[in-house]
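Chains A and B are the protein sequences, given in the same order. According to the working numbering, the first sequence is numbered sequentially starting from 11. According to the working numbering, the second sequence is numbered sequentially starting from 55.
Just so you know, these hints were derived from the structure itself, not from any lab. It is possible that part of the hints are untrue.
[Stated by the list, open to error] Only some residues are given here: those of chain A computed to face chain B with a beta carbon under 8 Å:
id: 1; residue: H28
id: 2; residue: R58
id: 3; residue: A62
id: 4; residue: G247
id: 5; residue: F251
id: 6; residue: R252
id: 7; residue: W256
id: 8; residue: R287
id: 9; residue: D290
[Stated by the list, open to error] Within a straight-line C-alpha distance of at most 30 Å, the following computed DSS-like cross-link-like pairs (lysine-lysine) qualify:
id: 10; chain 1: B; residue 1: K107; chain 2: A; residue 2: K260
id: 11; chain 1: A; residue 1: K207; chain 2: B; residue 2: K107
id: 12; chain 1: B; residue 1: K107; chain 2: B; residue 2: K121
[As the list claims (entries may be wrong)] A short, non-exhaustive set of chain A residues, derived as facing chain B with CB atoms under 10 Å:
id: 13; residue: S206
id: 14; residue: H208
id: 15; residue: A210
id: 16; residue: H215
id: 17; residue: L218
id: 18; residue: D222
id: 19; residue: D246
id: 20; residue: P248
id: 21; residue: W253
id: 22; residue: I288
Quantities reported herein were computed from a predicted structural model and do not represent experimental measurements. Glycine residues also receive a C-beta, built at the ideal position from the N, C-alpha and C atoms.
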Amino acid sequence: MSSPTLKQSPLREHTRIHGLGIFRPDVIVTNDDVCQWIDSSDEWIRQRTGIATRHRANRDTSVIDMAEAAAIAALRDANIEASQLGAVLVSTVTHPYATPSAAAQLADRLGATPAPAYDISAACAGYCYGIAQADAMVHAGTAEYVLVVGVEKLSDFIDNADRTISFLLGDGAGAVVVGPSDSPGIGPSVWGSDGSKHEAIRMTHSLLEIRDLSLAGTAPATAESESSLWPTMRQDGPTVFRWAVWEMAKVAQQALDAAGISADDLVAFVPHQANIRIIDEMVKQLSLPGHVAVARDIVDAGNTSAASIPLAMHRLLQENPSLKGGLALQIGFGAGLVFGAQVVVLP
Amino acid sequence: MASNEEILAGLAEIVNEETGLAPESVEMDKSFTDDLDIDSISMMTIVVNAEEKFGVRIPDEEVKNLKTVGDAVGFIANAQA
Chain A
11 MSSPTLKQSP
21 LREHTRIHGL
31 GIFRPDVIVT
41 NDDVCQWIDS
51 SDEWIRQRTG
61 IATRHRANRD
71 TSVIDMAEAA
81 AIAALRDANI
91 EASQLGAVLV
101 STVTHPYATP
111 SAAAQLADRL
121 GATPAPAYDI
131 SAACAGYCYG
141 IAQADAMVHA
151 GTAEYVLVVG
161 VEKLSDFIDN
171 ADRTISFLLG
181 DGAGAVVVGP
191 SDSPGIGPSV
201 WGSDGSKHEA
211 IRMTHSLLEI
221 RDLSLAGTAP
231 ATAESESSLW
241 PTMRQDGPTV
251 FRWAVWEMAK
261 VAQQALDAAG
271 ISADDLVAFV
281 PHQANIRIID
291 EMVKQLSLPG
301 HVAVARDIVD
311 AGNTSAASIP
321 LAMHRLLQEN
331 PSLKGGLALQ
341 IGFGAGLVFG
351 AQVVVLP
Chain B
55 MASNEEILAG
65 LAEIVNEETG
75 LAPESVEMDK
85 SFTDDLDIDS
95 ISMMTIVVNA
105 EEKFGVRIPD
115 EEVKNLKTVG
125 DAVGFIANAQ
135 A
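Same shape as in the complex, but just chain A (with noise of 0.2 Å):
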């Protein structure tokens, strides 16, 4: 008896992004405020981050009202309808519920349903690994279109008067679209993971010490005090420092190999702005040519996780508009620890 032959969907050679559109918060929160809750001052962090704002969202705007505005500018710039949709990939660490994901809602308010959506937990690594699958999604024919967003609401999950990351963060988001091309336009993606180092980056809480504090009594958390039991970020700062530069220097090379092309073919590197002394350091690294376009959008957005790179590619793209259709080495990296690099065709 002859067994039936399964279909398969069929394959897709290449995949490109098609467009972009970023969401940033209005809210701009300066060296000088910050200085009101740490002892520092406008140089020190200057010098030390190379921030000079950050852009926060006020209270009432969600993760929700960030991706869906991101998404509209990104469906427009790639002139694709929300219908076209075979996936909605949300990457953020900051919307507030465990399930249901920020994706299904997002899906629903542009009106991609029943298109499959979901939420990737890693961090500033987030938009890389979204990008990652998004491409093996389009490559398989598992989708046509898949939209990715990078969005976090990092100003939630803060406290002002911690040195090792609060002050570097901001909120914002940026999506792209991702479908097929006739020309090669994502390069394959160099990703990977380091659980082995969880702490470097990390929250100060679980949801369940929370629980179980707040059973036995202890006063209610303010999103103010250093003695909150409301979870918020930390880390070790040097031990980042060291990570995010030499090995992952290493990983954009990889990115570069992987998609067989050298430096010199770039146009721009567009890094995670997690802190200028990373990015300056990393460019050395790489002995990245002159002409390379490098984003330092970290100036302005300060660190913004998920949300950067999409955010720092699309300053680039405002600032120097002849980089369309030029390569770009995007590498995102972060809490996990988590990486991901590719190499890709500035929409």
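Given chain A, work out where chain B should sit, using these hints.
This is chain B only, laid out in the frame that chain A set:
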């Protein structure tokens, strides 16, 4: 294997590259933070360059114990032994 003097000279060169401080100001009893005004991120760059130069491994958790130039010279000398 390098002598303490050679390690000090090599370290002074690395500190000079990272911070612009004159190599002769990098003395054994100087504190990296208090005397040389080297912040934690510059310290990591110095550590990584020292690892490469002297062929040793300086773990992250060890870096905070290297308070003076002499601490770093001693650690590197021991690690090379």
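Checked hints:
1. H28: This hint is violated: H28(A) lies away from chain B, its Cβ roughly 38 Å from the closest one there, beyond 8 Å.
2. R58: holds, 6 Å
3. A62: Nearest chain B Cβ about 18 Å off; hint violated.
4. G247: holds, 6 Å
5. F251: Given a least distance of 5 Å, the restraint on F251(A) holds.
6. R252: OK, holds: R252(A) within 8 Å of chain B, min 5 Å.
7. W256: Cβ of W256(A) sits 6 Å from chain B, so the hint holds.
8. R287: Hint holds; R287(A) Cβ to chain B Cβ min 6 Å, cut 8 Å.
9. D290: Because about 11 Å separates D290(A) from the closest Cβ in chain B, which is outside the 8 Å limit, the hint is violated.
10. K107(B) to K260(A): Roughly 19 Å separates the two Cα atoms, so the pair holds.
11. K207(A) to K107(B): holds, 26 Å
12. K107(B) to K121(B): OK: K107(B) and K121(B) at ~20 Å, within 30 Å.
13. S206: violated, 12 Å
14. H208: violated, 14 Å
15. A210: holds, 9 Å
16. H215: The hint is violated - H215(A) has no Cβ within 10 Å of chain B, the shortest such distance being about 24 Å.
17. L218: With a minimum Cβ separation of about 28 Å from chain B (threshold 10 Å), the hint on L218(A) is violated.
18. D222: violated, 30 Å
19. D246: It holds, given that the least Cβ distance between D246(A) and chain B is near 8 Å, below 10 Å.
20. P248: holds, 5 Å
21. W253: holds, 9 Å
22. I288: I288(A) check passes; min Cβ-Cβ to chain B is 9 Å, inside 10 Å.
Comparing the model with each numbered hint stated earlier shows that hints 1, 3, 9, 13, 14, 16, 17 and 18 do not hold.
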